Amino acid sequence: MDVLRKGVDRINNYLPPTNCWLILLSSIPVALSTGTLFVYSIYGTQLADKCKLETAEAANLNISATLGTAIGAILGGYVTDVYGTQIPMLISSISIAVGYQWVYWQYQLGPQSSLVQLLLAMFLVGVGSVAGYFSAIKAVTVSFPRFKASAQSITIASFAISSLLFSVINTHVFQGDAERFLWFLANVCGLMIFVGFVFIRIEGNIVESKKSINENNDDGDALSESTSLLSELEPNSSTIVDGLKHHNLKSTLLHPIFLYHYFLFAIVQGLGQMYIYSVGFILKAVHYYFSQQGNNQDLIPLHSLQALHVSIIAIASFLGRLSSGPTSDYLVHKLNSQRHWVLILGLVLMLSGHVMLARNWNNNSFETVQFYMTIISGVIGYAYGFSFTSYPAIVSDIFNMKHYSSIWGTTYSATAIGLSIMTKVFGYIYDLNSTFWNGEDYICARGSRCYNKHTPDWIVTLVLVIYFFAIAEHAKPFERQFSLNDLTISHPFTLDERVSGVECILLALFVPLIMIFLVSLVKNNQGGFNSTHDTLHCLQISVLGLLVSMVVNGVITDILKNWIARPRPDFLARCGASASTPINQLVDISVCTAPFGSAVLTDGMRSTPSGHSSISFSGFLYLSLWLLGQFKLLNHKPHHLYKYLLAGLPILLACYVALSRTQDYRHHFEDIILGSLLGIGFASWSYHRYFNSLLSKDCDKPLSDEEEESILPV
1 MDVLRKGVDR INNYLPPTNC WLILLSSIPV ALSTGTLFVY SIYGTQLADK
51 CKLETAEAAN LNISATLGTA IGAILGGYVT DVYGTQIPML ISSISIAVGY
101 QWVYWQYQLG PQSSLVQLLL AMFLVGVGSV AGYFSAIKAV TVSFPRFKAS
151 AQSITIASFA ISSLLFSVIN THVFQGDAER FLWFLANVCG LMIFVGFVFI
201 RIEGNIVESK KSINENNDDG DALSESTSLL SELEPNSSTI VDGLKHHNLK
251 STLLHPIFLY HYFLFAIVQG LGQMYIYSVG FILKAVHYYF SQQGNNQDLI
301 PLHSLQALHV SIIAIASFLG RLSSGPTSDY LVHKLNSQRH WVLILGLVLM
351 LSGHVMLARN WNNNSFETVQ FYMTIISGVI GYAYGFSFTS YPAIVSDIFN
401 MKHYSSIWGT TYSATAIGLS IMTKVFGYIY DLNSTFWNGE DYICARGSRC
451 YNKHTPDWIV TLVLVIYFFA IAEHAKPFER QFSLNDLTIS HPFTLDERVS
501 GVECILLALF VPLIMIFLVS LVKNNQGGFN STHDTLHCLQ ISVLGLLVSM
551 VVNGVITDIL KNWIARPRPD FLARCGASAS TPINQLVDIS VCTAPFGSAV
601 LTDGMRSTPS GHSSISFSGF LYLSLWLLGQ FKLLNHKPHH LYKYLLAGLP
651 ILLACYVALS RTQDYRHHFE DIILGSLLGI GFASWSYHRY FNSLLSKDCD
701 KPLSDEEEES ILPV
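So the sequence shown is numbered by my numbering: it starts at 1 and just counts up by one.
Hint data in this document are derived by calculation from the structure and do not stem from the laboratory.
Misleading hints may appear alongside valid ones.
Below, in silico cross-link-like pairs of lysine-lysine (DSSO-like), each with a Cα-Cα straight-line distance of 30 Å or less [what the hints assert, rightly or not]:
1. Lys424 - Lys50
2. Lys250 - Lys402
3. Lys6 - Lys402
4. Lys643 - Lys697
5. Lys697 - Lys632
6. Lys632 - Lys701
7. Lys250 - Lys6
8. Lys245 - Lys476
9. Lys523 - Lys424
10. Lys424 - Lys476
11. Lys402 - Lys245
12. Lys523 - Lys643
13. Lys424 - Lys701
In this text, all values refer to a predicted model and were calculated from it rather than measured experimentally.
From just these sequences and the hints, can you work out the full model?
Structure (structure tokens):
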């Protein structure tokens, strides 16, 4: 790499001079070229049809490209931070050109094409789509330190409008011919990125200049705003986030604040990109459904319809990205508020779009459905662009700019997790409702029912997960009065818990998940399911039921904790009341010195109900009910003793977790009882929402489509 760096330095002697404005302008063709990653929706269905790919296989192409972006983001970010922006630009230019050329060759082969080679080609496209793009973002961020969000929005918006530009080219120049369009991408994209190699020249390992330091002092509000939403994560979070500006790369990537943003970004990217990649298949299902209704003379051709929605998404995403930066800077510099509110607003809009998509539109006319689909594409596109664009500025506010590209690239790798999970679920549901039509086309003929099965439930679960970790877990409880002579809250504070909060969540989640996967695998190998689709369907419903049980229970438990606000048995030790505090009268937390920190003191007012008890029972009891159903243990038929023991062990484990809270003096016995009842109730409710009665002969099967109802009224 050093040799390559020296070679680039020699080339730079012959390149024209550059400046911040040339860097910003050059970032536009780089972003336009790398943004062709999302043009897949235009040629994706034609590629799948020509190469005879099923929906799930086509979804694997998405995932391969996304994995490429994840790896390209991490490696490209590191190279940018260490060696500067030009080497990633060169890598991006070559990678994307070779990737599209490879896809073009495979398209020409048609049914004789290799799925493995297509996956590798899309992987290269993914690598090329982020390495140069992220280098451009860092260069723009460094060049415009005070209004970085506004400057970033131009580059990021160009990335979004790329799909519209190339969609117009595909429709009006190539008349929807995917083969000629792929040839065009293979020959043009690499050259556009090479413009960035010439003009975007920022050295690696940037040491902030005096100007940047002064700017950071002027923008103290920009730093402090990034801490506000995190202020309840732990005590003195402002100091903690200030410290993050000086952390090395390893300590940053292991810090809870980074992990929190990584998880949240996975959800943002998964919800947005899943729709962008899959809208072609959604439109294909809707178009085919109405084409079979007899009155189809006015239907828009499918390729034109797909190009239209790609354009709508691109325009909406472009507007969202373009407005996000100025809005973010306005919140910081004018209102002294938080950039995070841009992210929250974007997620609310994203949820609205997906809820609309989950509705059954089959009883409406084609024109009505297209009108609503246009709104949905616009809302989701705008929300995705609006929320995504806020993240580069948030990362630069919180973390060390010396490692900016590496941190942002690692954050972006969360896309692979979020998108992989969500596209796999979509592809599974879509394929479950599809079949080969006339021996040729792989078609789903059920219209909107091709893709909206359980979508509302997954959406609600994701939103509640965000609410649980971002808000409910850190909300401040009511500050109830207490007395220093109250013996029920006078127990010592235990530093080492038998089961910590994180361990409780991991146990209650992963033990049931592992058991569900193992039992399903064994049952499938023994012929317990009629088909692979039945196995996957039961597995999806089982996991969904577990998540619904735990997440709904967790949110309700935290709300009750903050409303009831009962002091824990060790509250006085957490409080550390000052010596002058009267003993025989009621006081509030203003008398506390908080020897273990303010967060520990605040948490001392969240005793009832026990979160450990409710979470453990919501997960472990659900597992016990699931095992009872899968083994049919209540069907009045003798079974092996080990099956009963296996079904009962999760309840025993839940009891241990719950009772350990009294041994650690974290909860009163009443807290344990109430928390356990909550967990039992939500586990029972969630299980019977998705599975037949345990006394039924079909107790091991999910409810039929007609019997199930969505969480949302759609």
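Do the hints match the structure? See the list:
For the hint linking lysine 424 to lysine 50, the alpha-carbon distance of about 22 Å falls within 30 Å, and the restraint holds. Restraint check for lysine 250 and lysine 402: satisfied, since their Cα atoms lie roughly 13 Å apart, inside the 30 Å limit. At most 30 Å may separate the alpha-carbon atoms for a hinted pair to count; lysine 6 and lysine 402 meet this at roughly 21 Å. Pair hint lysine 643 plus lysine 697 holds up; C-alpha atoms about 18 Å apart against a cutoff of 30 Å.
Taking the CA atoms of lysine 697 and lysine 632, the gap is near 8 Å; set against the 30 Å cutoff, the hint holds. As the CA atoms of lysine 632 and lysine 701 are separated by approximately 10 Å, the hinted pair is consistent with the 30 Å bound. Note on lysine 250 and lysine 6: the hinted pairing holds, with a Cα-Cα distance of about 28 Å set against a maximum of 30 Å. For the suggested pair lysine 245 and lysine 476, the alpha carbons sit about 27 Å apart, so the restraint of at most 30 Å is met.
The straight-line distance between the Cα atoms of lysine 523 and lysine 424 is roughly 22 Å, inside the 30 Å bound, and the hint therefore holds. Our distance criterion of 30 Å between C-alpha atoms is broken by lysine 424 and lysine 476, whose separation comes to about 38 Å. A distance of roughly 9 Å separates the Cα atoms of lysine 402 and lysine 245; the hinted pair therefore holds under the 30 Å criterion. Restraint check for lysine 523 and lysine 643: satisfied, since their Cα atoms lie roughly 13 Å apart, inside the 30 Å limit.
A hinted pair counts as satisfied when its Cα atoms are at most 30 Å apart, and lysine 424 with lysine 701 qualifies at roughly 22 Å.
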